[in-house]
Amino acid sequence: MAGESLGFIFLNAAVINNFVLALFLGICPFLGVSAKRATAWNMGLAVIFVMLVSSVSAWGINWLLTRFEIEFLRLICYIAVIASAVQLVEMMMKKFSPALFRALGIFLPLITTNCAILGVALFQTFREYSFLQCLAFSLGAGVGFTLALTLMAGLRERLELSRVPDVSQGAAMTLMLAGLLSLAFMGFAGLGGQHA
Amino acid sequence: MTQPAAEQAVPSTPRIPMLRTLGLVAALSGFLVVLAHHLSLPLIEENKRIAIERALFKVIPGAVTRRDFQLTADDIEPLGEAAPAQGMHLYAGYDAKGALAGVALEAAAQGYQDVIRVLYSYDPACECIRGIQVLKMAETPGIGDKIAKDPDFLRNFEALDTRLDPTGSGLANAIISVKHGSKSEPWQIDAISGATISSKAVARMLNDSTQQALPVIARHLDTLQQPAGGTP
Amino acid sequence: MSLPERHEAVTADTFLRGLWQENPVFVMLLGMCPVLAVTNSAINALAMGLATTFVLLCSSSLVSLLRKMIPKQVRIATYIIIIATFVTMVDYAIQAISLDLYNALGAFIQLIVVNCMILGRAEAYASKQRLGATLVNGLGMGTGFTIALLCLGSVREILGAGSLFGVQLFSDNFQPWVVMILPPGGFFVLGAWLLVFAWYRQRRERRLLEQEGVTTDGR
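Chains as they are written, first to last, in my numbering: chain A, 1 to 196; chain B, 1001 to 1232; chain C, 2001 to 2219.
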């Protein structure tokens, strides 16, 4: 909807309809990277950056495709841009911050298949956001993703010191925890209040 | 992607085969996508037409044919196949004799969980809303989604008063949602107990839409009442 | 250009692997996002499973056919373009078949393109094996994926709406466990299924150990 305020879009993407816990985007890294808080935090930052870059590029591409009425190429263009954006981030990080690059290691290329990034591009296209709204949306999505990831990492770090049944170790326990987190986040519904 | 050491035994490929393969794949991909798009377009358009007419004929009682119009602040113009460039998309339904049975408009507002989209019908003869059809919503199942199915809630819209004020520039009484069981005026909506936010969203979207559209409809009623082909 | 290939002979195992041992959802934990998102009803789960299987089969076949021509440096980009093409085709196909289904599945049809299972299969299998083996393996994986989706979708729909494939199962007195159709329910049900499989696997291992006469440390 074109009329939403930037603050509301940000809050909506970050918390009310959290990308991981409500929209189910970015589950693979969520399950895989959330074991330690430091890694989760770094991954989250990388994702925020890639989301911003992809969101802006997607807005530009969509504008271009709509002008020439070749919208059916949209998906292919988006995924190509996302893959390039990730390569770009990788190269920039290697050059400007080698320590961070080494810390993230294998996770950077994995961001390409992170459904959350493509999800941001697709959702902002469906909802026909303006340029500023796209920025607010992708920033909110990235922050929400980082939030969910770090929360989960905190929980799992605690869990390593607890006794849990053998059968539930690993993914099963993580999913149950995620379910509880998702349930908690449902409490944010209606946070926007009376919003026109 | 990272290349392990073992693969360095393979010589690096020269540029031409890389470009050739990429070009071939891109051409093949483009061909397939265009083909699929071309073949499916008529089917998709037909599906969309069926979907909108199903909602339309349900919400405008008595309508059997439809014409589309574009409604802007100053005028109502007939619309062809394309979506309106500006303003709102107005659907006019005509009965078997060709007389205007009612008009329908879409309205949307933020509900509890996500945006709710509704198609509502307005009858110029009684100056009231005759019914609503929820097109899209993501409200809580069993609670908020009652706005689509609850018969008591839908009864609100069988004759929702939307008379214009004496100047003709807005509604005489704004549509509002009141607490469940306390409806006393024909322009009020009895909210669903336990789903206040969803009910208020419906009231808000109907109010916003009618405040904008009904004055224009009243001014250009003759345009709408002409069946296709001119003389009424 | 490419490394010498070791071609796998097509056996029943090529197909069956994808159903149980290498089940993409329950074992390899690939393609999680659609698994949780579109399984709030059995029909959505089935449609998503079929759509993904179609994309998997078509893209793997094309990759396998072209495998000798794709240079190593651009292989990921090529796979992604191929996969995106078929996903776009499926997107239009579903719109043409049923708009209601399309609205129910939403953006997740287009998100098939980043389903790690499809890209993973292209990279690990289709680029190295002949067309026949690729097709059979893809069919196995796709079926395993669809079955997993159906497991989730049916449980969530039965508990959360009291119906299966839209057919009401219980009388009006049934109080639907609404949370099962909502996001937390997806997490819980998948976690529960993984628990069941882990428990089953543990029991089987214990029984195998007992059969071999190895005693487990006193518990």
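Calculated from the structure, these hints are not laboratory results. All residues carry an ideal CB built from backbone N, CA and C; glycine is no exception. Please note that a few of the clues may not be correct.
Stated by the list, open to error - Derived DSS-like pairs: lysine-lysine, alpha-carbon spacing no greater than 30 Å straight-line:
no.	chain 1	residue 1	chain 2	residue 2
1	B	Lys1183	B	Lys1200
2	C	Lys2068	C	Lys2128
3	A	Lys94	C	Lys2072
4	B	Lys1136	B	Lys1183
5	C	Lys2072	A	Lys95
6	B	Lys1200	B	Lys1179
Said to hold, decoys possible - According to the in silico footprint, chain C covers these stretches of chain B (three or more CB under 8 Å from chain C):
no.	segment
7	1014-1023
8	1132-1141
9	1179-1191
Consistency of the hints with the structure:
1. B:Lys1183 - B:Lys1200: 14 Å, holds
2. C:Lys2068 - C:Lys2128: The given pair, whose Cα atoms are some 9 Å apart, holds under the 30 Å limit.
3. A:Lys94 - C:Lys2072: Roughly 23 Å between the alpha carbons, so the hint for lysine 94 of chain A and lysine 2072 of chain C holds.
4. B:Lys1136 - B:Lys1183: 26 Å, holds
5. C:Lys2072 - A:Lys95: Given that 30 Å is the threshold and the Cα spacing comes to 25 Å, the pair holds.
6. B:Lys1200 - B:Lys1179: 10 Å, holds
7. 1014-1023: Per the Cβ count (4), the hint holds.
8. 1132-1141: Holds: 3 residues of the segment 1132-1141 of chain B have a Cβ under 8 Å from chain C.
9. 1179-1191: Result for this restraint: violated, n = 0.
The structure does not agree with numbered hint 9 stated previously, though it agrees with all others.
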